[in-house]
Every structure is written in C-alpha cells, then in structure tokens.
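Please model the entire structure based on the sequences and the hints provided.
Listed below are the residues making up each chain.
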Amino acid sequence: MSQRTRRKAQPVGSLNVLSVGRGDLKLVVSRRSPRELADARQVITDMLHKGYAIFVELEKGQPMERVTAFDPDRLEYIIELPPAAADQPAAQPAPLEAAEGAQATSGPPMKPKRGRRQRVPADGASAIAVGRTAGG
Amino acid sequence: MANTAALGWADVRRRTQAISDALGIWEGVPVPVPDQPMRLYPGHPLEGFLVADKPASVEPFWTIRNRWYCAKRNVLVWIYDDEHGVRKHYIEPTAPDRSMARFDFWLTTLGVSVAWDTEAEAVARSRLKGMLTPYAWRCYDLTGSFLETSTRSRATYLFRRLRPTVVLVPSKRNDENAYMKCLAVMCLHPIGFYEGTWAGVMVPTDDVLAHLTMVRGDERLFWRKANQHRPDSPEAGL
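Protein chains in written order, with our numbering: chain B, 23 to 158; chain L, 298 to 535.
Since the hints were made in silico from the structure, they are not lab data.
Please read all numbers here as calculations on a predicted model, not as lab measurements.
Treat the hints with care, since some could be wrong.
Just some of the chain B residues that point at chain L, by a computed CB distance under 10 Å [to be verified]: (1) M86; (2) I150; (3) G153; (4) R154.
To give a feel for the contact side, a few chain L residues facing chain B, derived at Cβ under 8 Å [to be verified]: (5) E324; (6) V326; (7) A421; (8) H486; (9) M511; (10) L518.
We put the beta carbon where it would ideally sit given N, CA and C, even for glycine.
In structure tokens form, the structure reads like this:
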C-alpha cells in the first residue's frame, strides 16, 4: 500500500474591502502558494501605505481592533490593545467627555500610556478595510 | 459603422468598474453624475478630474470665500470675489424651518442614486447583516437604522442609511431612567460624496458599514475624521 501524503489544512484569512462598484470586495489572505503569499503581503502593505484603515475581528462578537502596522515577513497584523485599567493615568477624556467639555482634574493632562501590542496572523483572521474618508 | 447607441447608467457603472479593476483600485472609482459636484478625500488620484471647483450654478469667474447660515435672519450668507477680484456678499433667503433645503437634499440624493449598483447594495446588506444581532438587523431592514452602544465610550450611536449618524448620551450619568440627549451628528463617507446630498459615492449600506466598523474598531478615529453637523441643519437629516 502506498503511503499517502497528508497536507495540513492551511488557514485562510479574509480581507473585505468596501468598494464602490461591488459593495464588498473579498480578498483571500493565505500562504497556500508562494504567489498568494506574495499577493497578500503586497496588498496589505499597499493598503496601509495608501491610508486605508484595516480593522480585524479578534473573536466573534468581540469589538474589532484597528491594525496599526503589518509585518509582511510573518504575515501578521499588529494591533494596539488598550492598556490595562491599572496602568491608565486618571481622568483621560473619552470622546464622550471631551465633547461635553468636561473639566479636567487639577494639573496638566497626562499623556495616556501606550497600549500593549498584539500580533494577529493575517491568514487566520477576518478583517475589513475602509478606504480614506471624506467628511460629509 | 461605430456604435452610436447612448450609454445607459448600467453601462457607465460597468465601465467605471472595469477601469478600477484595470487600475487595481480596490475601493473602486466614483461614478460621476452630470451637474452634480462631487467631493473626494484630499489627495484622491482622480480629484482633479472628478471634482468641480464650484457648484455649476456659480458664475465661472467668481470665487466662493465663505458661506454660513444665519439663524437669526433665516438666510444663507455668501461671501465671494467677483470677476474683478472685488469681495462681495449675497444674502439668500431660506425657509424658516429650512424644510425646503432638506427637501432639496432629498431630491438630489434621489437623483444621484443612478450612480449606485443594486447588486453592490445587496452585497453590502449581506455583510452588514452578518455583523448585527437579529434584532438590530430587523430594525435596519425595516427602518433603515439601528442603535448600538459603544462598549468603550458608552455613547449610543444611531446608525442610519443615507443620513449622518446620531450620537446619543444619557442626560445624567449613572441614571438608567435619564432621557437621552443628542450629543453630535456625525457625517463621513469613504472615498467621497456628492455635494448637496446625503449620498456617498459608495452604496448607502457601505457608508453604514464604514461608520459601524470605525466606531467598533477605533472610535477616536471616527470622531477625528467625521464632520459634525448642527442638529437643525439640513445636512443632519433630522
């Protein structure tokens, strides 16, 4: 009996781009072939360079996170998660409070600490890309 | 003999899509509508080709400097430079409740709908349905709008089809029975929009998808990029 070579199922990610004529253009992100891998690297790098905002869904039902950078060598999105509450300086105005004109506490406003970075494999994630925007 | 049959809008949309495919523009190319100025994001590759400097009704040698609405007198005030470079003003009367201005928005939005593809709208609706709860989708399917409260800021967003997103906050914090008040009316379109309308260059549900995705993914970015309208202005669509 000949030996069968079993291929491990390669994960496949998706990148959906909002598009004028198609509504939603779906791009496949995978390593199944060198060409697909090269295409994925180039497309994502180009998109971020052109100012697209890419949002990745970490888990179903959880808030999405915006991609701040991309590692083409490892094909990973880099996102910045909010720092833990204990690390946050006090009285950081959210858009809600800033729009209401809330008074800051005494002293100069403190710059919020940077969040922790997390890498998300692009070939296993579901992401949405939104092109640059114009206010209405 | 050359084919002299007039192009229908379906042909225009199809050919525009072919251009964007050939150029590898993922976001697509906006479809121009005659006599309807378009505004694209600054630096768009086709900005010089598609965007008119001024509305078609304005004299070609005039330069609009500023424009605002005077609520006290119910007029629009225009400041412009005429063909000799002399600065002048023009007072344009408006309806007291600005209802006719909103009606204008409505009619011109109807007019530019020829630029949209119904199949693209169906695809966008399918994408949006997958992102919403069954109840939220039911609201959108029936009314063209749905509510969602941000897990980050706790503000509630009323996402609307073909209208700006309304941001609601409780009038009193930590009071479940407090009434909600309108904090802001946020308008934003991916790629661009048609001036004097509520229409973006993308199909209406794609605009909703953009708002929803940005609010969920980076709320500060949404607030930074969106344009805020007065609730009583025609642009707010209230």
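Worksheet entry | Violated hints, by number in ascending order, as checked against the structure | none
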